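Student: Residue numbers (our numbering), protein chains in the order written: chain V, 1 to 246; chain Y, 1 to 504.
Honestly, I wouldn't trust all of these hints.
Claimed, not checked - The calculated lysine-lysine pairs, modelled on DSS-like cross-linking and capped at a C-alpha distance of 30 Å, are:
no., chain 1, residue 1, chain 2, residue 2
1, V, Lys102, Y, Lys233
2, Y, Lys191, Y, Lys104
3, V, Lys20, Y, Lys104
Said to hold, decoys possible - Here are a few chain V residues that sit away from chain Y, every Cβ distance over 12 Å (derived from the structure):
no., residue
4, Asp66
5, Ala122
6, Asp225
For the record, the hints were derived by calculation from the structure and aren't laboratory data.
Since this is a predicted model, take the numbers as computed values, not measurements.
C-beta atoms are modelled at their ideal positions from N, C-alpha and C, and glycine is treated no differently.
The lines below spell out each chain.
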Amino acid sequence: MAKQAGSHEEWLEQLAEESKRKQEAFMNGIAGKLGHPRMTSAPEHPFRGAPDFWEAFEWPLEERIDRFEDNFKAAGGHVARLLDMEAAKRFIAEKAEVLSAKYVIRQNQPELNELGLEEALAGSGAEVRVWNGEAEENWRARAAESDFGVVVADYAVAYTGSVTVLSSKDKGRSVSLLPTALFVLIPLERLKTRLGEVLRNFDAAGREQLPAGIHFISGPSRSADIENDLTIGVHGPGVVYALLIG
Amino acid sequence: MSTAGAASTVKERADLALNDEFLRKAVKFTTERLRNGKKQASAEHGNWDDWRERGRQIRLHTIAHLDYYLNLFANQARANGVHVHFAETSAEAVKLSLEIAQRKQAKSVVKSKSMVTEELHLNHELESIGVEAIETDLGEYIIQLAGETPSHIIIPAIHKNRYQVADLLSQEAGETLAPDTSVLAGFVRKKLREKFLEADIGMTGCNFAIAETGSMVLFENEGNARMVTTVPKTQITLMGMERIIPSWADLEVMATLLPRSATGQKLTVYMSGITGPRREEDSDGPDEMHIIIVDNGRSLQLGDPEFQELLNCIRCGACLNACPVYRHIGGHAYGGTYSGPIGAVLTPALNKNVAEWDDIANASSLCGACYEACPVKIPLHEMLIYLRRRKLERGHGDAAESLGMKGFAAVMGNSKRYAGIVKLGKLGQKLIVRDGGIRLKLGPLKGWNTYRVTPSLPKKSFRDQWGTLEQELRHGLQELDPAARSRMEAIVRDRDSKGGSGHG
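So here's chain V without its partners, still in its complex pose (with noise of 0.2 Å):
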């Protein structure tokens, strides 16, 4: 097996050597086609991002609030506008009551630790799992299983109606795709305006910063391939619920 894995790694390494051998062919190339020796320094990019008047652009908080709230129902999501993280837990609370939630599993994160959300749900006899939690455990098969997951948004946008997540090794990719329903907790500092202001923090972090994951969700999985008829729920979460906190 070892011997294996080795073969492996050594076949990787072979295709790494080819793969910078064809690059300077690749670029050498482009240059030649495009007319201009090798670039090998930043060219001046004078139109990048969003056009100036854009960037100026920016709502108050609750018309950003109104205005998120429009385009995530209007894609088909559900938002409630609740006052605190309290309020957040007997939300789900009562969904999970309604909706006979047997697995639940949510985000390793500090806002969630201190939620107690398996108290609240223990009385409906849903059992709360934390992604990550033990070493050992299939944790895509967990989310997969489960009836609703739990997360914390990063960032959120009013002018799309978009949620960003991203993914850590508490914060799981599976725990926003997996399971059938989906709950997102805003805290309302986190709301934006436009798109451009969560997007250039990936910019400022630089590549070494970013994590494997940056998903944006705007709204519950959706299809219009069979006759234009639109469908809720194809692959990923058919009920998503935004929880604006605050």
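Guided by the hints, dock chain Y onto chain V, whose structure is given.
Tutor: Showing chain Y alone in chain V's frame:
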């Protein structure tokens, strides 16, 4: 193309499409829906032309410096732990993909939508080495079961009705499924869930690749692309070499243009930026990630002043929905991976065989609707003319047509000769004019009259009337007809009271 069957020309394939009543209606309905969605979304967003211009500038800039940005992307992706590969031809890309599948001893590959893999006929190649390739986009899954190819870049199964879909899925289910969209989609969800969880490899295309951080970006509505990049242990991404944008800031412009132009959405349900394989402490995401950067004819457009802008295309499908020809004949008639106006130009451009694909360039009325619809302002209608010209320059023109054109030049170049010919025509047409038109499908009028009626020459031509007309022009019309005058005055009054730009 498997769907083209024996029909080898656009005209033959279009005839097949025109015979299919459902296809024609479905294409018309879908394209109308998408086109109206786009119009509404772009109008609501506002300043649409400023955004288009910005999108065009970003694409132009990136392609003009592609050696820098693509090189940067490759280096950054590699630094993220991605295995980056370069494929000049489709054969090389296929070889690399199959080698990875074999090394991984893969039994199955789950795929999210990728036009590049369609270019490579990769599903077929994977099957040939005993690897099951499963399309997971609902529409793609349906046409894969039917053994067909996509007919629309955004809605690939546009040509199937729910009864046909129910038949296909019932065979797969081993039981009869009702022709109800939610029942059918529910079956696919369950079926493909199993496939996602057991697949060894996830395969994707790439909407945009961000050079500065080595990230790849996917736009989708169903969640299958997220599945494919989250669940299997190995991910392979096939990416056209021109998919690059410099930064995440530039992604805002593309994210503004692409979903609105494709479906009229403000953003697709999912937009995912993937930066490398899973981090060591993460519990999902691929362990091993490959990105294969594919040329396959793209670099032929670089440095070509007439066609370089083709590489700006962001694959939104807006030109298909706007095109009166596409709406009439559907996607399969184009016979290549890409259909509609973009396909009519891209297919011969990538294949560099103008002769073989020449009739595609003629499947357009040159009306310019494609340019108007394009979110990055690619002058497709002009490119179609360049293609036709190149076809002629390389001697692939129509011999009868060029003979006709030479004759036309000889006649038009000399006024006496022209007058003589017209006089002759007026006499000669008496034999063939019926109901004021010429329907003869013989000789030089065969091609034209197959679809139209040639108007007969009038008894008194414009030239014959020129003497009188010239007199009137020289001395002006003495008196305007009183009715016409009061009508025009009313229009002017009306316009003043409404205000506005005065062009309405």
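Student: State for each hint whether it applies.
Tutor: The hints, checked one at a time:
With a CA separation close to 28 Å, the supplied pair lysine 102/V and lysine 233/Y stays within the 30 Å bound. With a C-alpha separation of about 24 Å, the suggested pairing of lysine 191/Y with lysine 104/Y holds against the 30 Å cut-off. Between lysine 20/V and lysine 104/Y, the direct Cα distance comes to roughly 22 Å. Compliance with the 30 Å bound is thereby established for this hinted pair. Against chain Y, the non-interface label of aspartate 66/V holds: every CB pair exceeds 12 Å, the least being about 15 Å.
Taking the minimum C-beta to C-beta distance to chain Y, about 25 Å, the non-interface status of alanine 122/V holds against the 12 Å cut. At the 12 Å boundary, the C-beta of aspartate 225/V falls inside the reach of chain Y, the nearest C-beta of that chain being 3 Å off.
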